[in-house]
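Spelled out, the chains give:
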Amino acid sequence: MSEDSKAPDRKAPDWKEEWRPLAEAVGRDFGDPTVVFGADAVEPGTIRRYLEPLEIGCPIHYDADAARAAGYPDIVAPYTATMVYSVAPMWRPGEPTVYESAERDAQLARSPINNEDMALGPKTTGFFATDISMEFLRPLTVGERVGRRGQRLISCTPKQTSMGRGAFMTWESELVTDTGEVVARVRTGTYAYNPVGPEEEQP
Amino acid sequence: MTHLASRQRSFSDVVVGEELPAVEFPLTVYRFVVAAGGNRDFNSIHHNTAYAQATGAPEMYASTFLLMGMWERLVRDYIGPAGTIRSIRDFRMRKFNLAGRTVQVRGRVRDARPDGDRGIVTLEVESVVDGQVTVGPGTVEVTLPAAGAAG
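As they're listed, the protein sequences go chains A and B. Positions 1 to 203 (our numbering) are the ones given, in order, by the first sequence. Positions 1001 to 1151 (our numbering) are the ones given, in order, by the second sequence.
These aren't lab readings, by the way, just hints derived from the structure by calculation. None of these values were measured; they are calculated from a predicted model. Note that the Cβ used here is the ideal one computed from N, Cα and C, for glycine as well. Treat the hints with care, since some could be wrong.
Said to hold, decoys possible - Here are a few chain B residues that sit away from chain A, every Cβ distance over 12 Å (derived from the structure): (1) S1012; (2) E1019; (3) A1022; (4) M1070; (5) E1072; (6) I1079; (7) R1101; (8) T1102; (9) R1106; (10) D1111; (11) A1112; (12) D1115; (13) G1116; (14) V1128; (15) D1130.
Stated by the list, open to error - Cβ-Cβ distance ranges computed for the label pairs, FRET-style: (16) P21/A to D1115/B: 41 to 47 Å; (17) A1146/B to E103/A: 27 to 33 Å; (18) G1037/B to D63/A: 21 to 27 Å; (19) T179/A to D1111/B: 48 to 54 Å; (20) R1110/B to D74/A: 30 to 36 Å; (21) E1018/B to D105/A: 33 to 39 Å.
Construct all of the structure, not just a fragment, from the sequences and the given hints.
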C-alpha cells in the first residue's frame, strides 16, 4: 500500500481523537448547579410575538377569560415556547458590548444560543439541533419565569457529514419555574462541527 | 374569522386513523425574521443566506423553535382550548427547511385511550417539503375532555 493511499486513514483518527474527552464524559452533568433563568417573564406581549409567525389563534394564549374557562389561572404560553422563556439575554446592563465588529456577518461576541460553553472537546464553528423530545407537566402562565437546570451529556458520537467534521451529542435538562417547580423535561440532540471544503472531504 | 381552535373537540369525537387538517407554512425571509423576533433564536443560519452557506447549508433555514411551533399549531387546531399537550417525541430534523419552500405539517391519530374524565390521544406528526419528510415522523401525546366541554 502506498503512502498516498494511507493518508486518509491516518488523518481520520486525529479529528475523532479530539472528541474523546467529551465521549468519555458521557453521563456527566455540565450544567450550572444553579438554575439559569431566561431573559423575560412570561407575558402577553411575548406570547403574542411567538404566536405571530405561526398564526396560532387559540384564545387561551391571548384571552384571560378563555384561559380560565379552559381551567388555567390566566393566559398560558404555548407549550413549545417553554424553552424560549429559558433563553438567557443576549446582553445585560453593565456588560461589555456584544457588537464588536461592523463586518456585515459578524456574530455576537457572546450568545446564549450556541455551543461555546462546552467544557471539553474541540472548538467548533458550526452548530445546530438535530432532534428534540419534550415532556410537558403543564404550560407556563403569565407572570412566571423559567430557567434551565442541568445539562447532562447522554451520548457523544464523532461523525463526518456533508456539513463537516464534528460530533452528534444528546443532552438532557429540566425546565423549572422561579418557584422551583419542574414544568418540562427536555432531551436535545445537537451536531457541533467544523465545515470542511470539498478538497477535505473523505473519498 | 373562525379559528379551528375555538371549537372544542372531545375524546368521544376522536377516531383512530383519522387525519388532522394539514397546515402549510410558506418559508419566506420575512417569516424567518418575525419568528426570530418572537422566539429569540437569532442564530444567523436562520436569517442570513451567506452565513448559512458558509456553515455548509444551501440556504438559510427554519429554526428549531419555528419548526416545533408549527407542530403545536397543527395540534392546537385539532385539540382546541381545553386540550393539553403532554409530550413531543422524536422531533427529528432530517433535512433543512429552506427559505423559499413551503412546509406542510400533517398528522393522524395513532392511538386513543380513556383516562378518567379525559382521554389520552397519540398523534403522529411530520413536516414535509416537496414530498420529502423534513421533520419527524414523531408523536405528540395530548389529552382531551371526555365529552361535552365548553369551547
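Here is how each hint holds up against the structure:
1. Every beta carbon of chain A lies more than 12 Å from that of S1012/B, the smallest distance being close to 18 Å; the non-interface claim holds.
2. No Cβ of chain A approaches the Cβ of E1019/B within 12 Å, the least distance being about 20 Å, so the stated non-interface status holds.
3. Here A1022/B stays apart from chain A, with its beta-carbon at least about 14 Å from theirs, past the 12 Å limit.
4. Not every C-beta of chain A lies more than 12 Å from that of M1070/B, the closest at about 6 Å, which undercuts listing it as non-interface.
5. For E1072/B, the condition that its CB be more than 12 Å from all CB atoms of chain A is violated, with the nearest at approximately 5 Å.
6. With a cut of 12 Å on Cβ distances, I1079/B falls inside the contact zone with chain A, its closest approach being about 9 Å.
7. For R1101/B, the condition that its CB be more than 12 Å from all CB atoms of chain A holds, with the nearest at approximately 15 Å.
8. Interface exclusion of T1102/B from chain A stands, the closest Cβ pair being 14 Å apart, more than 12 Å.
9. Non-interface call for R1106/B relative to chain A: holds, since the shortest CB-CB distance, roughly 16 Å, exceeds 12 Å.
10. Listed as outside the interface, D1111/B is consistent with that label: its C-beta sits roughly 17 Å from the nearest C-beta of chain A, beyond the 12 Å cut-off.
11. For A1112/B, the non-interface assignment is confirmed: its Cβ lies about 19 Å from the closest Cβ of chain A, beyond the 12 Å cut-off.
12. The beta carbon of D1115/B sits about 16 Å from the closest Cβ of chain A, which is more than 12 Å, so the claim that it is off the interface holds.
13. The beta carbon of G1116/B sits about 14 Å from the closest Cβ of chain A, which is more than 12 Å, so the claim that it is off the interface holds.
14. Interface exclusion of V1128/B from chain A stands, the closest Cβ pair being 17 Å apart, more than 12 Å.
15. Its beta-carbon lying about 19 Å from the closest one in chain A, D1130/B satisfies the requirement of being farther than 12 Å from that chain.
16. Distance hint check for P21/A and D1115/B: the Cβ-Cβ separation is about 45 Å, which falls inside the suggested range of 41 to 47 Å.
17. For A1146/B paired with E103/A, a C-beta distance near 59 Å fails the hint of 27 to 33 Å.
18. Distance hint for G1037/B and D63/A: a CB-CB separation of about 22 Å, consistent with the stated range 21 to 27 Å.
19. Distance hint check for T179/A and D1111/B: the Cβ-Cβ separation is about 34 Å, which falls outside the suggested range of 48 to 54 Å.
20. A hinted range of 30 to 36 Å holds for the C-beta pair R1110/B and D74/A, which are about 33 Å apart.
21. For the pair E1018/B and D105/A, the supplied restraint of 33 to 39 Å is violated, since their beta-carbon distance comes to about 47 Å.
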